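Respectively, the protein sequence lines represent chains A and B.
No gaps in the numbering here: position 103 of the first sequence is 117 in the numbering used here, and each next residue is one more.
No gaps in the numbering here: position 69 of the second sequence is 506 in the numbering used here, and each next residue is one more.
Hints were generated in silico from the structure; no laboratory data involved.
All values derive from a computational prediction rather than experimental measurement.
Any given hint might turn out to be false.
So the derived list for chain A, only partly shown, Cβ under 8 Å to chain B, looks like this [to be verified]:
no. : residue
1   : R44
2   : S47
3   : Q55
4   : E66
5   : Q68
6   : G76
7   : F78
8   : L104
9   : L116
10  : G119
11  : S120
Subject to a maximum C-alpha distance of 27 Å in a straight line, what follows is the list of computed DSS-like cross-link-like pairs (lysine-lysine) [said to hold, decoys possible]:
no. : chain 1 : residue 1 : chain 2 : residue 2
12  : B       : K452      : A       : K115
13  : B       : K541      : A       : K115
14  : B       : K446      : A       : K115
15  : B       : K459      : B       : K446
16  : B       : K494      : A       : K71
17  : B       : K502      : A       : K27
We put the CB at the ideal spot given by N, CA and C, even for glycine.
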Amino acid sequence: KAGVTQTPRYLIKTRGQQVTLSCSPISGHRSVSWYQQTPGQGLQFLFEYFSETQRNKGNFPGRFSGRQFSNSRSEMNVSTLELGDSALYLCASSLAPGDEKLFFGSGTQLSVL
Amino acid sequence: AQRVTQPEKLLSVFKGAPVELKCNYSYSGSPELFWYVQYSRQRLQLLLRHISRESIKGFTADLNKGETSFHLKKPFAQEEDSAMYYCALNSGGYQKVTFGTGTKLQVIP
Numbered sequence: 015k016a017g018v019t020q021t022p023r024y025l026i027k028t029r030g031q032q033v034t035l036s037c038s039p040i041s042g043h044r045s046v047s048w049y050q051q052t053p054g055q056g057l058q059f060l061f062e063y064f065s066e067t068q069r070n071k072g073n074f075p076g077r078f079s080g081r082q083f084s085n086s087r088s089e090m091n092v093s094t095l096e097l098g099d100s101a102l103y104l105c106a107s108s109l110a111p112g113d114e115k116l117f118f119g120s121g122t123q124l125s126v127l
Numbered sequence: 438a439q440r441v442t443q444p445e446k447l448l449s450v451f452k453g454a455p456v457e458l459k460c461n462y463s464y465s466g467s468p469e470l471f472w473y474v475q476y477s478r479q480r481l482q483l484l485l486r487h488i489s490r491e492s493i494k495g496f497t498a499d500l501n502k503g504e505t506s507f508h509l510k511k512p513f514a515q516e517e518d519s520a521m522y523y524c525a526l527n528s529g530g531y532q533k534v535t536f537g538t539g540t541k542l543q544v545i546p
């Protein structure tokens with residue numbers, strides 16, 4: 015069974031640009047959650063999607079958004095990039111929200127210059 | 438609101454020494470607690486969960502509801518234990534999993 019796939023692996027953008035990250039969950043998993051990982055803040059929850067609906071949202075500005083498609087694949091978008099958005103963005107999938115076991119992707123390393 | 442606190446950003450121990458990674462949580466209900474680990478250049482993965490009362494790679498963790506703690510312990514550290522460890526709380530239902538800020542364990546040979 016293939017794991018959680020995130021693309022692209024690396025991204026370099028400049029301030030003010032926007033970016034879209036993609037996540038394909040494990041087959042059969044319907045819940046996808048996104049996290050921002052930084053050395054100083056650790057793992058911070060962005061949002062969670064289930065059945066194409068956002069179920070939970072973290073404390074991030076509206077520049078961060080996401081969506082989920084009918085095949086459970088998910089995308090997150092960050093508009094008007096800031097230097098502080100540089101981080102590793104991790105996607106995790108599970109069978110359903112609140113499922114005890116999350117399976118993580120390798121992440122997308124975003125660098126904002 | 439649920440919260441997970443890992444007070445140590447970095448914990449350095451010598452090989453063969455005991456290890457204790459601290460985790461405290463704040464939640465009014467009955468939580469499920471987990472430890473996730475991220476080895477260098479590998480994905481974040483589940484290490485163990487309190488409900489299973491299991492020992493994985495020599496690590497154990499006991500949920501102490503009185504102290505609201507879920508510390509991760511290992512009697513003798515190994516070099517391969519060096520990694521980033523995250524404590525996580527699942528409040529059940531359709532709630533998100535909350536992670537602590539992580540503790541980097543460095544085992545010195």
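For each hint, the structure was consulted:
1. R44: At 12 Å from the nearest chain B Cβ, R44 (chain A) fails the 8 Å test, so the hint is violated.
2. S47: Check passed: Cβ of S47 (chain A) comes within 7 Å of chain B, closer than 8 Å.
3. Q55: holds (6 Å)
4. E66: violated (15 Å)
5. Q68: Violated. Min distance 11 Å.
6. G76: violated (18 Å)
7. F78: violated (15 Å)
8. L104: holds (7 Å)
9. L116: holds (6 Å)
10. G119: holds (7 Å)
11. S120: holds (6 Å)
12. B:K452 / A:K115: It is violated: about 30 Å lies between the C-alpha atoms, which goes past 27 Å.
13. B:K541 / A:K115: Measuring from Cα to Cα gives roughly 22 Å; hence the hint holds.
14. B:K446 / A:K115: Roughly 24 Å separates the two Cα atoms, so the pair holds.
15. B:K459 / B:K446: Holds, at about 10 Å.
16. B:K494 / A:K71: violated (34 Å)
17. B:K502 / A:K27: Given pair K502 (chain B), K27 (chain A) is violated - Cα atoms ~46 Å apart, limit 27 Å.
In summary, the numbered hints that this structure violates are 1, 4, 5, 6, 7, 12, 16, 17.
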